[in-house]
Amino acid sequence: MVHGEIWTIKEFFVLPNEYIYWSIQIVMYPFMTGLVAGAFVLSSLYHVFNVKQLKDIARFALVFSFALLPVAMLPLMLHLQQPLRGTNVLMTPHFTSAISAFGIVFLAYACIVASEIWFVYRKHFVDVVNNLQAKSQRTMLENLQLLLNRVLTLGAMDIGKESLDKDHKAVSLLAAIGIPVACFLHGYAGFIFGSVKANALWMTPLMPVIFICSAVVSGIALCIITYIVTMKLRTMWAKRHQGEPGVPSIAQLRQVEDTEVRMSAKALLTFMVLAVTLELLDIIFRGYTAVKSWDILREVIYGLDFYKIFVFQYGLGNFLPFLLLLLPGVTVRRAAFCSLLVLFGVFMMRWNVVIGGQAFSLTFNGFMHYHLPIIPHDMETFKEGLFGALFVMLCPYVIFFFLNKITPVFLEEESH
Amino acid sequence: MKRRDFLKNTLIAVAGASIPLSALEMIDPRELFAAHPELRWVFLANTHKCVGCGFCVKACKVENDTPYDANVSRTWVERYVITKNGEIHIDSPKAARDGFISADIYKGQNPLALPEVDFAHGRIEKPSAHKGEFEKIREEDIAQAFFVPKLCNQCENPACVQVCPVGATYQAPDGVVLIDRDWCIGCGYCIMGCPYGVRFFHPVYKVAEKCNFCYHRISKGLKSACVTACPFGARQIGNIRDPNDPVTQSIMSERIGVLKDEYGTKPQVFYIGLNKEVR
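Chains as they are written, first to last, in the numbering used here: chain A, 1 to 416; chain B, 1001 to 1279.
Be aware that one or more of the hints could be misleading.
To be verified - 20 Å max Cα-Cα, derived EDC-like pairs, lysine to aspartate or glutamate:
1. B:Lys1094 to B:Glu1140
2. B:Lys1058 to B:Asp1069
3. B:Lys1131 to A:Glu299
4. B:Lys1107 to A:Glu299
Simulated from the structure, these hints should not be mistaken for laboratory data.
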């Protein structure tokens, strides 16, 4: 069977070779990159702009962004017809193509995040090494931990005030460089779509900007949710270990969680206004200028995809959480609910762009309907089906779990 | 060392080194071609002559190793039926491989048909309604009807070449756009980038695939398979740089059109009798 045939339903006249070639994994790709960029921007709000209230969530967002990073690459690999040749992009990059530099931008960004994390955690690595070395008897695991942390310090064992100040400066600098690079990384994903002149829905110079704004929105939303979940786990842990030294009181934890979530929700609101404004501007502009493609686009936007666009994306994903967040007295629970809705909204936006852009024929005389493969019966229906997407969604949490062992995101004695 | 000696020695050293260095220079195919700039393949399709027999599609599939029953094709024929009330009906069932054997217009699959579960193999199949529905059009309602053959336009400014991230698709000096099957990563960006929908994934090789005017034939002096198979001369291939080529003469003297020139791709497949409904 031809690639794409299994999930494409062609209605009216569609060219023989037209199928929905870019399916669920290409929906996942901008969604995951968006989360990376958004999480990083949230952490930078503290590191660069010194929004003090975000201190606790900033480090969390930074490490989480790093955990998300390899997963942004995963959907691309899963959708390639020749995944083993993926490295060809780095070997013979053909720079007239919008995706040829992706590997380079991606690696540059990964380096920035990794070095920022290193500067934030250098003191922690040194502390671990010193603590473990002081022990006379070490278990096998502790020896391993010692070795790992010793490698991670890269030999920089000085934790005097002066050198820590330097670390701090480096973090601010890296975070400042990181913001434009993060935006570039994601604006770039928007450019990949926006520059396809053959596609009437995708081709707009607004695409990169729309992508960046919705990226920041989704990144912040995911950080809020994950933060709340981890805080709940911490509270449970603190309850069990109450009274032991070094365990924060529950009231303390609740208060930290409350301020962090409330501040993040404010940032979320700001970026949401921007994102929705741009998206609506795009639709209004298309309708007003009404070039040749508008006839079919109107049918897709107001007919075929009406529920996906206006009910799920704008209604449930934008306006409902917007209203809920604007109502006074935001609670943690409400913020979590809103963030979930926002995440869903951004996912639907990616879906409506990627799948919606392929919902009509190049001849403007027919439609293509996408049927997501649910039960996989071969590699292709797994990779480009529901379970492939879920696999991609779960990956960052697995990575985060292990990363958290090396660079714990909640450090009480932290002074940075 | 005197200045004179220094200059002399330098000259000898440079001259001596340049001989082995010149041997290292790679041969650039573009340079070779510059010696023969008199070749640029173009295609001419005459819609007045096409009857929709589908021999071209059949010949192409066999010649170019495209699986015969796969629902993709390097070339295809479209049927246009315009009724007196202005409605346009277009179809190309099976890419017109078997010709247009029915007067009914293929209307595509029904998106509302529910999928059928194949319990024996544990998979969900497309329902039989998805095989497609046909619409009958009364003969007295038809204002005009015609056939349009389609194939790769071998654009002068090909969007597919621009967007390939690894350079696996490229334009030969004689204008034909080719694909390197050993280097294509199968990202599908070229398929998305082509405004004419001529590209697809080869079901066997799992890389991008498209018409190349039968490059293996035309570079040996033969004609493309579809051109040879066409019994009515509706398809012709020629060299636009040769003023005596009958194709060039037709393009110069007849009123011709190209598809979607608004994309700036400069397509090189020319049509005689192109209607505005054809996109």
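Outcome of the hint check:
About 27 Å separates the Cα atoms of B:Lys1094 and B:Glu1140, which puts this hinted pair outside 20 Å; it is violated. Of the pairs offered as hints, the one joining B:Lys1058 and B:Asp1069 holds, with about 11 Å between alpha carbons and a cut-off of 20 Å not exceeded. In summary, the hint linking B:Lys1131 to A:Glu299 is not supported, as the alpha carbons are separated by about 24 Å, beyond the 20 Å threshold. For the hint linking B:Lys1107 to A:Glu299, the alpha-carbon distance of about 17 Å falls within 20 Å, and the restraint holds.
Consistency note: the structure conflicts with the earlier hints numbered 1 and 3.
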